[in-house]
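Q: Going down the list, the sequences are from chains A and B.
Residues in the first sequence are numbered from 2 upward in steps of one, following the working numbering.
Residues in the second sequence are numbered from 34 upward in steps of one, following the working numbering.
Warning: the hint list may mix true and false statements.
Said to hold, decoys possible - Label-pair ranges, simulated between beta-carbon atoms: (1) K82(B) x A291(A): 49 to 55 Å; (2) D40(A) x I93(B): 51 to 57 Å; (3) P181(B) x R165(A): 34 to 40 Å.
Unchecked claim - The calculated lysine-lysine pairs, modelled on DSS-like cross-linking and capped at a C-alpha distance of 30 Å, are: (4) K58(A) x K168(B); (5) K358(A) x K170(B); (6) K196(B) x K330(A); (7) K70(B) x K302(A); (8) K39(B) x K49(B); (9) K90(B) x K200(B); (10) K308(A) x K63(B); (11) K46(B) x K308(A); (12) K302(A) x K63(B); (13) K70(B) x K231(A); (14) K299(A) x K63(B); (15) K405(A) x K58(A); (16) K308(A) x K90(B); (17) K141(B) x K212(A); (18) K49(B) x K58(A); (19) K44(A) x K358(A); (20) K44(A) x K141(B); (21) K181(A) x K231(A); (22) K184(A) x K69(B); (23) K186(B) x K330(A); (24) K58(A) x K178(A); (25) K39(B) x K309(A); (26) K212(A) x K181(A); (27) K309(A) x K70(B); (28) K196(B) x K44(A); (29) K90(B) x K70(B); (30) K288(A) x K82(B); (31) K231(A) x K63(B); (32) K69(B) x K231(A); (33) K63(B) x K309(A); (34) K63(B) x K141(B); (35) K203(B) x K79(B); (36) K196(B) x K217(A); (37) K58(A) x K203(B); (38) K69(B) x K288(A); (39) K358(A) x K302(A); (40) K82(B) x K63(B).
Just so you know, these hints were derived from the structure itself, not from any lab.
All values reported here derive from a predicted model rather than from experimental measurement.
Note that beta-carbon positions come from the ideal geometry of N, C-alpha and C, so glycine has one too.
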Amino acid sequence: MSPEATTKTTYHVPIGPIHPALKEPVFFEFEISGERIIDIDVKLGHVHRAVEWASRKRNPIQILYLAERICGICSYCHPAAFTLAIEAAADIEVAERAEYLRVIQGELERITSHILWAGVAAHEIGFDTVLFLTWEIRERAMDLTEYLCGNRVTKGIMTIGGIRRDITKDMLPRIQKDLKYFKDNFGKLAHIFLDDKTIKMRSQGAGILTKENALKLCAVGPTTRASGIKKDLRADTSYFAYGDLDIDYITPEALTGEVNGDVYDRIIQRLLEVKQSIELIEQCVDKMPAGDIVSEPKIAKVLAQLKKANGEGVGRHEAPRGEVIHYVKLTGEDAPFTWKVRAPTYNNILPWIPMLKGEQIADIPIVAASTDPCMSCTNRVAIVNNGQRSLLNKEQLHRLSVEKTRRLMH
Amino acid sequence: MTKDQKTPEEHVKYLKDKFNTNIISADIKKRAAGSKKNETPSIWMKIDKGAFKEIVKYIIEYNYPHLAIISGNDLGNNIELIYHFTVNYGTRLGEINLHISVELPKSKPEIETICDLIPGALITEREKQEFLGVKIKNIPDNRRLFLPDDFPKDVYPWRRDEKGLEKLYKNLHEVKK
């Protein structure tokens with residue numbers, strides 16, 4: 002060994018901007034000692050597209066479609082939060098039936114998103130058969146989305162004062178058939194994830210986020226609930242039709258009787274939420290009142306009303322990954338004066354630090370993926386060892402993770 | 034998390050009694066939704082910068098809040114920061130939104146950090162520094178967050194004055210010779 006190597010005890014490992022979990026850019030710099038992670042620094046902004054600034058030249062209806070394009074998986078929750086903010090700022094009435102239809106769309110998005118996440122999580126630890134199983138189920142959810150919205154990804158379903166497509170009586174059998182399919186397969190998925198010894202070994206005790214840290218770092222969504230904090234906008238506040246529905250907080254306690262805040266708990270959390278979403282859609286289908294689906298069908302009229310409006314409003318919606326909040330200020334002009342968007346991952350970045358400290362390099366993919374980040378991902382990892390750079394690409398990092406699983410299986 | 038829960042009216046009354054002139058205005062807005070018309074209360078409060086940290090401390094004492102985000106407006110002479118807190122989450126339909134607005138003069142746009150009280154505020158405070166050009170005093174991490182390191186200094190994208198983006202994007206066709 003060179004004298005340098007003996008004096009230096011830790012190394013810095015930059016990971017990203019293109020990274021291990023999902024296919025989006027974020028940059029990590031890990032300080033490592035041997036295999037252990039000692040400290041983490043996160044850098045963001047590689048895909049900052051200045052949408053808030055772009056809104057200055059658009060009217061609220063146009064912004065709906067801009068909001069939809071913030072994220073491909075959350076293509077419902079951003080327009081939903083924006084609509085809630087606009088409706089609060091301009092005091093616009095919402096058609097009652099639409100409130101229920103909005104819940105159905107929101108919950109369908111949650112099912113799609115959580116099942117996608119389950120597949121990615123399985124892939125990260127080397128269970129690609131589970132990945133294909135989950136994506137088969139997800140495909141059904143996507144088909145149902147297409148049936149209800151006419152689109153699979155950017156749904157174009159939200160509008161100010163209501164929703165753009167109704168669910169008529171003849172559509173119900175198809176919805177019920179698909180819900181039954183999800184329920185049947187839910188048992189299968191739960192068995193795979195919750196009873197498999199290897200998944201338990203990889204996920205139990207890994208990436209722990211304590212209740213105190215979750216609270217102090219303002220974590221949101223399944224990430225915070227898996228640490229035992231009862232925080233779910235759908236139960237906390239009354240928006241859309243959630244105030245009318247029978248809904249309770251879900252934490253991993255419901256299944257295991259205890260909360261550890263580890264990756265395993267976050268798996269349980271999301272699986273239980275899929276079940277909850279199915280039940281919520283059923284409730285909505287039962288309770289939905291008849292009537293109009295939008296309070297003012299003429300968009301020109303809505304825009305004229307918004308042009309006169311003065312005020313500020315906040316819209317908050319529980320997206321699959323947690324609370325998404327939009328702030329809007331209207332000053333009687335075509336475009337809103339200010340539009341601020343906050344997606345859930347924004348708040349779930351700081352919790353990564355306590356989660357990853359003390360873990361191994363091979364755990365980075367599954368721990369990072371366990372918060373279901375909506376912008377992360379590693380193509381390439383550079384390891385600076387002894388002043389010489391060697392590169393680890395995404396496949397090699399993934400292989401490290403898979404090899405760890407294999408080691409545990411033997 | 035479920036101490037003696039105060040109604041929004043009680044919060045406003047208590048804060049007005051305690052901080053009197055530091056509370057410039059306080060409105061309670063309630064918005065009903067669904068068939069049962071259950072309401073979600075929001076408190077919109079404009080406060081003086083001087084009492085800001087004391088008020089945050091009061092909220093923490095009452096019930097550790099969730100800081101959703103800090104949003105901001107360029108109002109011309111002042112920069113407004115709005116801290117969006119929520120308290121009482123964890124009880125069915127019991128959550129209260131608290132939107133606390135502080136105006137900072139452009140001549141000296143400075144405010145104390147709240148990272149010592151709520152560590153999760155770091156990301157949003159860093160974002161406000163680079164996008165609105167406010168100075169967060171004693172912030173634990175003073176680096177940029179979203180903007181690249183080679184982004185020009187003293188340009189703040191959400192400003193509407195001469196420090197805004199206008200001159201950057203209007204002359205994109207002009208190539209440096």
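Q: Against each hint, give a clear statement of whether it holds in the structure.
A: Against the structure, the hints:
At about 52 Å, the CB distance of K82(B) to A291(A) agrees with the hint of 49 to 55 Å. Separation of D40(A) from I93(B) is about 27 Å and departs from the stated range, judged on CB atoms against 51 to 57 Å. Take P181(B) and R165(A): their Cβ atoms lie about 38 Å apart, and the range 34 to 40 Å holds. Annotation: proposed proximity of K58(A) to K168(B) holds, straight-line Cα distance about 28 Å (limit 30 Å).
Distance hint between K358(A) and K170(B) is fulfilled; the C-alpha atoms sit about 28 Å from each other, no more than 30 Å. Distance hint between K196(B) and K330(A) is fulfilled; the C-alpha atoms sit about 21 Å from each other, no more than 30 Å. For the given pair, K70(B) sits about 25 Å from K302(A) by alpha-carbon distance, which is consistent with the 30 Å threshold. Between K39(B) and K49(B) the alpha-carbon distance is near 14 Å, which keeps this suggested pair within the 30 Å criterion.
Of the supplied pair hints, the one linking K90(B) and K200(B) is violated, its CA atoms being roughly 41 Å apart against a limit of 30 Å. Of the supplied pair hints, the one linking K308(A) and K63(B) holds, its CA atoms being roughly 23 Å apart against a limit of 30 Å. Annotation: proposed proximity of K46(B) to K308(A) is violated, straight-line Cα distance about 34 Å (limit 30 Å). With a C-alpha separation of about 25 Å, the suggested pairing of K302(A) with K63(B) holds against the 30 Å cut-off.
Restraint check: the Cα-Cα separation between K70(B) and K231(A) comes to about 23 Å, which is no more than 30 Å; the hinted pair holds. The hinted pair formed by K299(A) and K63(B) meets the criterion: a straight-line CA distance of about 27 Å does not exceed 30 Å. Pair hint K405(A) plus K58(A) does not hold up; C-alpha atoms about 51 Å apart against a cutoff of 30 Å. Straight-line distance between C-alpha atoms of K308(A) and K90(B) comes to about 39 Å, which puts the hinted pair past the 30 Å bound.
A distance of roughly 38 Å separates the Cα atoms of K141(B) and K212(A); the hinted pair therefore is violated under the 30 Å criterion. At roughly 39 Å between alpha-carbon atoms, K49(B) and K58(A) are farther apart than 30 Å, so this suggested pair is violated. Distance hint between K44(A) and K358(A) is fulfilled; the C-alpha atoms sit about 17 Å from each other, no more than 30 Å. In summary, the hint linking K44(A) to K141(B) is supported, as the alpha carbons are separated by about 28 Å, within the 30 Å threshold.
Proximity of K181(A) to K231(A) is assessed by CA-CA distance (about 28 Å); at most 30 Å being required, the pair is judged to hold. As the CA atoms of K184(A) and K69(B) are separated by approximately 29 Å, the hinted pair is consistent with the 30 Å bound. Taking the CA atoms of K186(B) and K330(A), the gap is near 28 Å; set against the 30 Å cutoff, the hint holds. Straight-line distance between C-alpha atoms of K58(A) and K178(A) comes to about 44 Å, which puts the hinted pair past the 30 Å bound.
A distance of roughly 36 Å separates the Cα atoms of K39(B) and K309(A); the hinted pair therefore is violated under the 30 Å criterion. Under the criterion of a C-alpha separation no larger than 30 Å, the hint pairing K212(A) with K181(A) is inconsistent with the structure, at around 35 Å. Restraint check: the Cα-Cα separation between K309(A) and K70(B) comes to about 26 Å, which is no more than 30 Å; the hinted pair holds. The straight-line distance between the Cα atoms of K196(B) and K44(A) is roughly 25 Å, inside the 30 Å bound, and the hint therefore holds.
For the given pair, K90(B) sits about 33 Å from K70(B) by alpha-carbon distance, which is inconsistent with the 30 Å threshold. For the given pair, K288(A) sits about 48 Å from K82(B) by alpha-carbon distance, which is inconsistent with the 30 Å threshold. With a C-alpha separation of about 23 Å, the suggested pair K231(A) and K63(B) falls inside the 30 Å cut-off, and the hint holds. With a CA separation close to 23 Å, the supplied pair K69(B) and K231(A) stays within the 30 Å bound.
For the hint pairing K63(B) with K309(A), the CA-to-CA distance comes to about 21 Å; that is within 30 Å, so the pair holds. Our distance criterion of 30 Å between C-alpha atoms is broken by K63(B) and K141(B), whose separation comes to about 35 Å. Of the pairs offered as hints, the one joining K203(B) and K79(B) is violated, with about 35 Å between alpha carbons and a cut-off of 30 Å exceeded. With a CA separation close to 34 Å, the supplied pair K196(B) and K217(A) exceeds the 30 Å bound.
For the proposed pair K58(A) and K203(B), the alpha carbon gap of about 14 Å is at most 30 Å, so the pair holds. Annotation: proposed proximity of K69(B) to K288(A) holds, straight-line Cα distance about 12 Å (limit 30 Å). Proximity of K358(A) to K302(A) is assessed by CA-CA distance (about 54 Å); at most 30 Å being required, the pair is judged violated. The straight-line distance between the Cα atoms of K82(B) and K63(B) is roughly 26 Å, inside the 30 Å bound, and the hint therefore holds.
Hint check: violations occur at hints 2, 9, 11, 15, 16, 17, 18, 24, 25, 26, 29, 30, 34, 35, 36, 39; the rest are consistent with the structure.
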